[in-house]
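Single-letter residue listing:
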Amino acid sequence: MSERIDVLIIGAGPAGVAAGIGARREGAERVVVLERDWDLGGILQQCIHPGFGLRTFKEELTGPEYMHRFIEQAHSEGVEFRTNTMVFQIDRETNTVWTMNKQRGIEALNPGAIVLTMGCRERPLGAIRIPGTRPSGIYTAGTAQRFVNMEGYMPGKRAVILGSGDIGLIMARRMIWEGAEVEGVYEVMSWPGGLRRNIAQCLDDYGIPFHLRTTVTRIHGQDRLEGVTVAEVDDHMTPIKGTERFVECDTLLLAIGLIPENELSRMAGIDIHPVTGGPVVNDLLQTTNPAIFAAGNVVIVYDLVDNVSDEGLIAGASAAKFASGRIPKTARRIPVKGGENVRLYSPQYVTGETDATIFMRVTHPIEQACRVFAEPGLYSQRLRYARPGEMNEVKIKAEQVRNLPELEEIVIDIQPV
Amino acid sequence: MNYDVVIIGSGIVGASIARELSRYKLKIAVIDKASELPAGASRANSSMIHGGFDDKPGSVKAKFCVPGNKLWHKLKDELDVHLDECGSYVCAFSDDEVRHLETLLAQGKANGAPGVAIISGDELRSKEPNVSPEIVAALWSPEAGIINNFEAVNAMIESARINGAELFLETRALGLMLDDKGDVRGVSTDKGEFSAPVVINAGGVHSGEIASWAGDNSFRIIPTKGEYFLLDRATKGFIHSFLFSCPSKAGKGITVLQTAEGNLMSGPTATEQDDPEDRSTTPEGLAEVLKGARRLVPNFPVNMNITTFAGVRANTESGDFEISVLAKPRGFVNVAGIKSPGFTSAPAIAEYISGLVREEFADRLTFTPNEKFIPERTNIPRFLYMDMDARKALAEKDPAYAQIVCRCETVTEGQVLEAIRRGARTVSAVKMMTRAGTGRCQGGFCCPRVAEILSRELGLSLDEVTRHGGKSKLLVGKTKEFLLKKEGVRHE
Numbered sequence: 001m002s003e004r005i006d007v008l009i010i011g012a013g014p015a016g017v018a019a020g021i022g023a024r025r026e027g028a029e030r031v032v033v034l035e036r037d038w039d040l041g042g043i044l045q046q047c048i049h050p051g052f053g054l055r056t057f058k059e060e061l062t063g064p065e066y067m068h069r070f071i072e073q074a075h076s077e078g079v080e081f082r083t084n085t086m087v088f089q090i091d092r093e094t095n096t097v098w099t100m101n102k103q104r105g106i107e108a109l110n111p112g113a114i115v116l117t118m119g120c121r122e123r124p125l126g127a128i129r130i131p132g133t134r135p136s137g138i139y140t141a142g143t144a145q146r147f148v149n150m151e152g153y154m155p156g157k158r159a160v161i162l163g164s165g166d167i168g169l170i171m172a173r174r175m176i177w178e179g180a181e182v183e184g185v186y187e188v189m190s191w192p193g194g195l196r197r198n199i200a201q202c203l204d205d206y207g208i209p210f211h212l213r214t215t216v217t218r219i220h221g222q223d224r225l226e227g228v229t230v231a232e233v234d235d236h237m238t239p240i241k242g243t244e245r246f247v248e249c250d251t252l253l254l255a256i257g258l259i260p261e262n263e264l265s266r267m268a269g270i271d272i273h274p275v276t277g278g279p280v281v282n283d284l285l286q287t288t289n290p291a292i293f294a295a296g297n298v299v300i301v302y303d304l305v306d307n308v309s310d311e312g313l314i315a316g317a318s319a320a321k322f323a324s325g326r327i328p329k330t331a332r333r334i335p336v337k338g339g340e341n342v343r344l345y346s347p348q349y350v351t352g353e354t355d356a357t358i359f360m361r362v363t364h365p366i367e368q369a370c371r372v373f374a375e376p377g378l379y380s381q382r383l384r385y386a387r388p389g390e391m392n393e394v395k396i397k398a399e400q401v402r403n404l405p406e407l408e409e410i411v412i413d414i415q416p417v
Numbered sequence: 001m002n003y004d005v006v007i008i009g010s011g012i013v014g015a016s017i018a019r020e021l022s023r024y025k026l027k028i029a030v031i032d033k034a035s036e037l038p039a040g041a042s043r044a045n046s047s048m049i050h051g052g053f054d055d056k057p058g059s060v061k062a063k064f065c066v067p068g069n070k071l072w073h074k075l076k077d078e079l080d081v082h083l084d085e086c087g088s089y090v091c092a093f094s095d096d097e098v099r100h101l102e103t104l105l106a107q108g109k110a111n112g113a114p115g116v117a118i119i120s121g122d123e124l125r126s127k128e129p130n131v132s133p134e135i136v137a138a139l140w141s142p143e144a145g146i147i148n149n150f151e152a153v154n155a156m157i158e159s160a161r162i163n164g165a166e167l168f169l170e171t172r173a174l175g176l177m178l179d180d181k182g183d184v185r186g187v188s189t190d191k192g193e194f195s196a197p198v199v200i201n202a203g204g205v206h207s208g209e210i211a212s213w214a215g216d217n218s219f220r221i222i223p224t225k226g227e228y229f230l231l232d233r234a235t236k237g238f239i240h241s242f243l244f245s246c247p248s249k250a251g252k253g254i255t256v257l258q259t260a261e262g263n264l265m266s267g268p269t270a271t272e273q274d275d276p277e278d279r280s281t282t283p284e285g286l287a288e289v290l291k292g293a294r295r296l297v298p299n300f301p302v303n304m305n306i307t308t309f310a311g312v313r314a315n316t317e318s319g320d321f322e323i324s325v326l327a328k329p330r331g332f333v334n335v336a337g338i339k340s341p342g343f344t345s346a347p348a349i350a351e352y353i354s355g356l357v358r359e360e361f362a363d364r365l366t367f368t369p370n371e372k373f374i375p376e377r378t379n380i381p382r383f384l385y386m387d388m389d390a391r392k393a394l395a396e397k398d399p400a401y402a403q404i405v406c407r408c409e410t411v412t413e414g415q416v417l418e419a420i421r422r423g424a425r426t427v428s429a430v431k432m433m434t435r436a437g438t439g440r441c442q443g444g445f446c447c448p449r450v451a452e453i454l455s456r457e458l459g460l461s462l463d464e465v466t467r468h469g470g471k472s473k474l475l476v477g478k479t480k481e482f483l484l485k486k487e488g489v490r491h492e
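Taken in sequence, the protein lines are chains A and B. Mapping to the working numbering: the first sequence position 146 is 146, numbers consecutive. Mapping to the working numbering: the second sequence position 330 is 330, numbers consecutive.
Hints listed in this document are in silico derivations from the structure and should not be mistaken for laboratory results. This structure is a prediction, so every number in the text was calculated from the model and none was measured. We put the CB at the ideal spot given by N, CA and C, even for glycine. One or more hints might be untrue.
Stated by the list, open to error - Just some of the chain B residues that point at chain A, by a computed CB distance under 7 Å: (1) S188; (2) D190; (3) G192; (4) T271; (5) Q273; (6) K397; (7) T410; (8) L475; (9) L483.
Chain A extracted, bound-state conformation (with noise of 0.2 Å):
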């Protein structure tokens, strides 16, 4: 017989400690976190650059800053850590979470309720098959930000990234900081894929160029990156014959993007969605299983730290609730639908058991004033623009859905004005 948890959380990051808070202030007994790396934080304890919770506490603080009033609250709200723990299995018929820890070997818990918390991972070099060599020096972005960060060492003297996520333009100026030169940031896309905020930041300060529609073609280089070739590309991002440039430099960071880490997620038999790439929740964020809940970039990548602690609030509470029978199992199921230019939102469900925040991104930019909705007349607001590289938010009352028994769907959508 395992030890009696009500609520398991995997992954301390901003999302699974704001759940143990969540649970905790929703009368879960017990919770417990539990984390894989030595230290709670998760990628936070890495991003050693301010920016971090504008909305959440009104000031700019560094990642490790941000998290540790978190976790300074989980303590006190009585939530239980484990570090250097790691869950390599989910059960899919009983629920069973399987973890290895050094000093306590390998063990199995049965916890009421768990939450998914386990964040996103980089795209790697091979999701985007660019031929060449196979030399050192070739990082995504994060790993020469763990390099950098947290072990002291520089990846290298003279960088190109590809990409331009946010952790690529945070590394860019983070390398010119340590010394080293950043020949420039490639996008392929025709906008930025990260915050404009970064952009001027990371680049602009520094005079670090950005090339839209251009992208790395080819790696060159034996042992050490001896280079990559550059291109322009077409509509199609097709490189564009002529246009290919050699360019010197000894590191290449990738910052092309990120992927909800959903390996346990998969195990556990729960539905992943194929465009966010994370589980298919509702807005109490349950999955496809009832006693599964899932919070933060592991649904969904979103921009800002803030809107992960948030959700995994909700995330947190609801699996406190379902673990002491609070969760009505007639809940409703009102599913959301995007519109044309919608390329992704979550959650996917409506109960109209909460408030619902359905986050949502543009498949294009609309450089002109917009409108977010939710027919049938539940929700507008203007916006000056859209972009993909930063989330829209659509706020649906539980009143709302509850003014509405026969509601079958909602559709969202950004149009110009």
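Use these hints to put chain B onto chain A, whose structure you have.
This is chain B only, laid out in the frame that chain A set:
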């Protein structure tokens, strides 16, 4: 350093010969310029254990392929390596190609390949539902299999070492040393002289050049690049075996297979080139592979690709293996031009070479059986494949097996430590011995962790750890030191 036999090259051929010769009380040195194994064509190939129908009866290849196949089915247990005994299909899309299958069938029978048979396209699709509806027939070869080639080479050389052979990595052969009679005296290398009356050239793509050191210019190696896609292990079961196209002049054509570990894979191209070390992938090559893969498996899920790679194989003008003992200088053996089905043939070639050496060089060496020869060797524990009780027991015995290093392939710290104990010195050596870094994040998660363990265990600083030896250091220095140096500030 004095040896009885020096083997140049520690690919599957050199390693197999070393193991076979270690059945005798011989002092054996295996030298290889690489920092980790496997390195050459043994590293980047289709990992196929061929059924033996593809080689012209009477050829050297035909002589060794079927016996090699049989040996691998035994060696997989002896050496504890993954061999998926899945069989293979050659797929025919037209009547012409069906006639080709008939030729292959006849060849297979002549070569003694067991169980080869032609089946209908529908029968193939009942086993492999994802293959093209346009395939009309297939040649089924039940004895074909797919091996974990990383494991197999390491297992083979480890077994040789258990039985006394010595391995020298990062040791580049520079020339042949001859005595006053003009016979073999040893090999000079960048790490000094290796004296031995018998030298075996298992130099793969460099075997032509090595043969020329002995004055043998009877054959030429044509470095031939093969490019591949490797997909996420989540594709497991998409197909279950090895699918060939009908061969053309260029080679066996593009294949689609499921690796011994469950990754979908496709390749190779066959592009002749001058540079034996150019293992870069190309846009044209990858496009050709993708086209060929989609011909066999129309919905080949290339969006789940995790890496592309290329290998360079040692093609010969004759198209056959070049195995010979030179009359002059005495003591020199060529095991050259070993390309497909080289991996399959290697153990049979090794048995043959052992016999040949005993017969030819009784004047140069004494062959006393090594009664202490141990054929078995056990692999580093594979946590991923263990049942829960075995995992618990292992973790209880050694807590390092309760710490995950590679999340994609569920590789524990215990496995990484064991790989280092068995000789891994680089991040990719650890990868090939444990699979850490072979998964969908391609080392994004585990590379810093493996590097840290290597640095700790080998007493290196982190910026001395390399990806694959040579100048492939992962890092270029400490952060602040680097900045100060750049700004010309001197450390006190």
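Ascending list of hint numbers which this structure does not respect: Per hint list: 1, 2, 3, 4, 5, 6 violated.
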